[in-house]
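For the protein sequence lines, the chains are Z and L, in the order given.
Going left to right, the first sequence walks through residues 1 to 412 as the UniProt record's numbering numbers them.
Going left to right, the second sequence walks through residues 1 to 412 as the UniProt record's numbering numbers them.
Just so you know, these hints were derived from the structure itself, not from any lab.
Everything numeric in this text was worked out from a predicted model, so none of it was measured.
Some clues are possibly wrong.
Copies of the same chain are indistinguishable here, so a pair counts whether it falls within one copy or spans any two.
As the list claims (entries may be wrong) - Computed list of lysine to aspartate or glutamate pairs in DMTMM-like fashion (alpha-carbon distance at most 20 Å, straight line): (1) K190 to E392; (2) K46 to E56; (3) K167 to E17; (4) K142 to D184; (5) K411 to D345; (6) K225 to D277; (7) K123 to E291; (8) K31 to D176; (9) K325 to E250; (10) K411 to D251; (11) K123 to E219; (12) K167 to D266; (13) K225 to E238; (14) K142 to E291; (15) K227 to E249; (16) K225 to E49; (17) K31 to D115; (18) K123 to D143; (19) K59 to E17; (20) K411 to E17.
Protein chains: 2
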Amino acid sequence: MSRLVMKFGGTSVANIERIRNVARHVARERKAGFDVAVIVSAMSGKTNELVGWCREAAKLYDAREYDAVVSSGEQVTAGLLALVLQDAGIPARSWQGWQVPILTSDSHGSARILDIDGSAIIKGFEARGEVAVISGFQGVNKDTGRIATLGRGGSDTSAVAIAAAIKADRCDIYTDVDGVYTTDPRIVPKARRLDRVAFEEMLEMASLGAKVLQVRSVELAMVHKVKTFVRSSFDDPENPQPGTLICDEEDIVEQQVVTGIAFSRDEAQVTLRQVADHPGVAAAIFMPLAEANINVDMIIQVASEDAGSTDMTFTVPAADFERTKAILLKAQPQIGFASLHGANDVVKISAIGVGMRSHAGVAARAFKALAEKGINIRAITTSEIKFSVLIEAAYTELAVRTLHSLYGLDKA
Amino acid sequence: MSRLVMKFGGTSVANIERIRNVARHVARERKAGFDVAVIVSAMSGKTNELVGWCREAAKLYDAREYDAVVSSGEQVTAGLLALVLQDAGIPARSWQGWQVPILTSDSHGSARILDIDGSAIIKGFEARGEVAVISGFQGVNKDTGRIATLGRGGSDTSAVAIAAAIKADRCDIYTDVDGVYTTDPRIVPKARRLDRVAFEEMLEMASLGAKVLQVRSVELAMVHKVKTFVRSSFDDPENPQPGTLICDEEDIVEQQVVTGIAFSRDEAQVTLRQVADHPGVAAAIFMPLAEANINVDMIIQVASEDAGSTDMTFTVPAADFERTKAILLKAQPQIGFASLHGANDVVKISAIGVGMRSHAGVAARAFKALAEKGINIRAITTSEIKFSVLIEAAYTELAVRTLHSLYGLDKA
């Protein structure tokens, strides 16, 4: 029989009533002839409660104990969905990460899946016609046998990895939106739902601020060629919409130049003025940040007014802003700069599309359009299939709408 | 080094503040030179929440899934206590039942512990000076590898079993009372805390309604000769009281005839009138109840006024009262009785003491004292070290106080 993986997030399993609704979606797919593995998140709010306790217990908490505590949320949901499925007459059982097993690296709190043995789940399909309800977000440390979690949003990754392990035909990620949009519909009412998005585009969108899928789940789907749908758990279970298919570029017939506009408010900008312009100065700035595990994104270097020195501007995640400033001020004697300026009222706006590969001047049109609206660009980065601009946060909506229209993404 | 098991119940770990208090008790014992294994229950209220969800999910729930859901409560507490201990500078790690492992039978929801491999925990003591924080109430099904719970109060059993497995010097059961009392102090203000109770007495007290320890934990302690203390987690961690020692009869110097008075309101009385008095009638009554897993306790048979027939009175757990009536009425043609009468406004009051073995007439004094207070005895059972009377529930307090004074248990 064909196999299907279905993943349901926290809002889709927030209470027993919603879990019953999930069971209806599962029942439909079983009726359609699929062996089904369901991956579930914790009931919404539960993970935050558990994380809150960990923080209250210890400021610098042991990630292995954090994982033991936090993974319990998914354990509960898996058991409850199995109960609800059984109650609806559908054979089902729950699987914890260590029971499957889903083997992970030892980076607790953000572990990577190393290997999944899908044989026990497949045996459940074949011997007992059983739906496998699998706790998302968790696995077991290959070396120590301790519970390891995959980091926030990790259940998406669990789902895609399980789909690859059991060679599922499809992986359906059910969420509270009905697919992937050209941009956030709350900001641009004319945003359109996309029928298809290329893996590469989805990867950029997820990396650049679209919250619909975890980045690593998209990487995995791309590597293992897992046909992945993003769709709504709030559709009528008897008559659902197909959602958005994440697929190979070749499977997208009518390719747009730009597929979507993403934005991220989680950015902060740091500028060092009058940095001594000598070899090794970039290393002096960025090595201590790398050692502190701070991701530096956009970097711009311009000659300063003062000869023999440059100004260096770059962005870091907003959450790391204060730490970044502290580290750099501490290293000021080694680096050698006159002053440090920072801003966290900035936003990074990105346009993504595999069509950029074959079209020149895509970004230039954006710069012009933004300039016409009086929006000052503070930094730019580009790659093969996307470009990003850093602007003042107050212009977020205006800039997103401008680019959305510019590239013909508005709904008719 | 000497080893110690400490067990903390739900109210002792109800929030992070109380868990910090638990850590102080652990710190004291470590300072005193013990390697410590701590067994924890779920935070109070959590198990009820989880059980409520299971019931909402499915009326007739799969005990295996119930166990997966409900065991998560202890998992959370174990991780949190490990975090709090680490935060206080004490090396610690959490152990789930399947990690120890604690192997159980397959009777999910009320599994029996079959075997515990204490070697990993002992290695943690010896190699890393690590406190082992173990989730109570749970183990792993020896055959299927699924999580199995031990039934309500199972954490006491976990604690005693772990103590036996790691050959602990002592097992301290911390609770919200400071020991075992001669009777419930809420009913008899003159109740006294006992310094020592014999295993056999504690077993009877637990079976007969004293809620301080789970029956099976006392059985285990008795079989494995685990020196067990019942003590308070709300004592000053720097200067705690010793609590009550559960120990061998020989270790109790000054033996009382009666050690304690227990009472249980979870009883219901059933009377069948004019039962045909022929061989096999008792089997006809009690076999169907046994098949329905209903525990019949006190049984009295008296000749009825109608010659050739008897009246049969017995007690069942109050929770099984309705089922009992339904089963008997269905079997009325086979049994042959005129009418069924039932009452659940009854209470069973018991006096317990190993001294009864060597003293005659202990129960007779009680019958006289109760009669003098105008309390009607509906049924009596006796065994070597206890006797119980069934009386109308309205007389509970009066009867308990009467017996408590009668046997010299009142505080000076």
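Each hint tested on the structure:
Taking identical chains as interchangeable, the C-alpha atoms of K190 and E392 are never at most 20 Å apart, the minima being 23 Å within one chain and 75 Å between chains. Taking the shortest Cα distances, K46 and E56 sit within 20 Å of each other both inside one copy (15 Å) and across copies (18 Å). In this homomeric assembly, K167 and E17 never come within 20 Å of each other (Cα to Cα): the closest approach is 31 Å inside a single copy and 48 Å across copies. Within a single copy, K142 and D184 get their C-alpha atoms no closer than 39 Å, and across copies no closer than 50 Å, so neither meets the 20 Å cut-off.
In this homomeric assembly, K411 and D345 never come within 20 Å of each other (Cα to Cα): the closest approach is 30 Å inside a single copy and 72 Å across copies. For the identical chains of this complex, K225 and D277 are neighbours neither inside a copy (47 Å) nor across copies (78 Å), given an alpha-carbon limit of 20 Å. Taking the shortest alpha-carbon separations for K123 and E291, neither the intra-copy value of 46 Å nor the inter-copy value of 34 Å comes in at or below 20 Å. With identical chains, the CA atoms of K31 and D176 are never at most 20 Å apart, being 24 Å at best within one copy and 53 Å at best between copies.
For the identical chains of this complex, K325 and E250 are neighbours neither inside a copy (45 Å) nor across copies (71 Å), given an alpha-carbon limit of 20 Å. When the C-alpha separation of K411 and D251 is checked against a cutoff of 20 Å, the pair qualifies neither within a copy, at 22 Å, nor between copies, at 86 Å. Neither within a single protomer nor between protomers do K123 and E219 lie at most 20 Å apart by alpha-carbon distance, with minima of 28 Å and 40 Å respectively. Taking the closest pair of Cα atoms, K167 and D266 never come within 20 Å of each other, the shortest separation being 36 Å inside a single copy and 54 Å across copies.
Within a single copy, K225 and E238 get their C-alpha atoms no closer than 28 Å, and across copies no closer than 61 Å, so neither meets the 20 Å cut-off. With identical chains, the CA atoms of K142 and E291 are never at most 20 Å apart, being 26 Å at best within one copy and 46 Å at best between copies. Taking the shortest Cα distances, K227 and E249 sit within 20 Å of each other inside one copy (12 Å), while across copies they are farther apart (70 Å). Taking identical chains as interchangeable, the C-alpha atoms of K225 and E49 are never at most 20 Å apart, the minima being 36 Å within one chain and 41 Å between chains.
In this assembly of identical chains, K31 and D115 lie within 20 Å of each other by CA distance neither inside one copy nor across copies; the values are 30 Å within and 43 Å between. For the homomeric pair K123 and D143, the shortest alpha-carbon distance between copies (17 Å) is at most 20 Å, but the shortest distance inside one copy (26 Å) is not. Taking identical chains as interchangeable, the C-alpha atoms of K59 and E17 lie at most 20 Å apart only when they sit on different chains, with a minimum of 14 Å there against 36 Å within one chain. Taking the shortest alpha-carbon separations for K411 and E17, neither the intra-copy value of 34 Å nor the inter-copy value of 54 Å comes in at or below 20 Å.
Consistency note: the structure conflicts with the earlier hints numbered 1, 3, 4, 5, 6, 7, 8, 9, 10, 11, 12, 13, 14, 16, 17, 20.
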